[in-house]
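Asks: Let's have the full structure, built from the sequences with the hints guiding it.
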Amino acid sequence: MISAHVTTPKLVVSWLALLALTFLSFGISRAGLGEAELFIALGISVVKTFVVLFIFMHLVEQRFANRLIVSLTFLFIALLVTLTVADPLTRKTFPPRPDPAAHPYP
Amino acid sequence: MSAQRLAEQFESLEKQDHAARLGMWMFLGSETLLFGALFAAYAYYRGIYPAEFVQALHHNSVALGTTNTVVLITSSFTVALAVHFIRESRNRLAAGLLALSTAFGAVFLVVKGIEYTHHIHENALPTGMYSFVDQPPNGVVLGYTLYWFMTGLHGLHVVAGMIMLSVVGVLCWKGRYGAHRNVAVENVGLYWHLVDVVWIFLWPLFYLTD
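Chains A and B are the protein sequences, given in the same order. Residue numbers for the first sequence follow our numbering, beginning at 1 and rising by one. Residue numbers for the second sequence follow our numbering, beginning at 1 and rising by one.
If you're looking for bench data, these hints aren't it; they were derived computationally from the structure. Beta carbons are placed, not taken as given, at the ideal position from N, Cα and C, and that holds for glycine. Among the clues, some could well be false.
Stated by the list, open to error - Simulated DEER-style distance windows between Cβ atoms:
#: 1; chain 1: B; residue 1: Leu-34; chain 2: A; residue 2: Val-46; range: 15 to 25 angstroms
#: 2; chain 1: A; residue 1: Leu-80; chain 2: B; residue 2: Val-159; range: 22 to 32 angstroms
#: 3; chain 1: B; residue 1: Gln-135; chain 2: A; residue 2: Thr-8; range: 51 to 61 angstroms
#: 4; chain 1: A; residue 1: Gly-43; chain 2: B; residue 2: Glu-8; range: 44 to 54 angstroms
Replies: Here's what the structure looks like:
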């Protein structure tokens, strides 16, 4: 059942990799790349998440059923977020946002 | 180390542990849907008000946010080490690492509390209470409301995780868990790692924006 074993050196390397990715993400955010920054930062976050999932959460040594749940979770969140954000980003005929004159708060 | 009891509905301890682990993964899946809906709300409103979100969130301290990222990642590392050592029946070491992880959680909350205190003094509050700038545009208020709600919900998860970490930490010290009985430690660890993963996404969305 156990195909790979998470050892102490692997944990230490993963931790250092996560810290390195954090500082990489921080450095890129200071570089002034505009809109692209957000997507690069989120991409780095996805990589970090996989490190946490497979090494820290020992997913690498668990059964397929557990990995299936994680894959489906990712799929559903990606669907939820992309389909939701597709609405405001593709509006052409409707007003893109509520009328600013209609202030919602007193 | 005490032996693990086999409940009557299971054939073997291996299957019992697998069921416990599978149940935890399913719980984590449902937790991510809770946060997933909030991330979808964030994406939706940031899609509508890109400039206002950047304006609102620029106010957050990148230094404090990054400190908290490092603290949480390190706490995840110490939890992973604790799970590793309890599997080798090194109880005292595992208990110490779980106590250290709980302390990292406390450091995270203190830093978050410092940030919240600054925001409260500056009236950078959620919804209609926001008056950091006069006549704030809608998008600014929405961005800051999402900031408070998402980091607040995450903070509650940190508190819950700290309680669970300290409980299994004490039980590790007392010798309840060991090489043949550790699925509870593993599952608490999984919960803590989820809290870490959520922050890994909150950090770029609320701090690295400018």
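Asks: Going through the earlier hints one by one, which of them does the structure break, listed in rising order?
Replies: none
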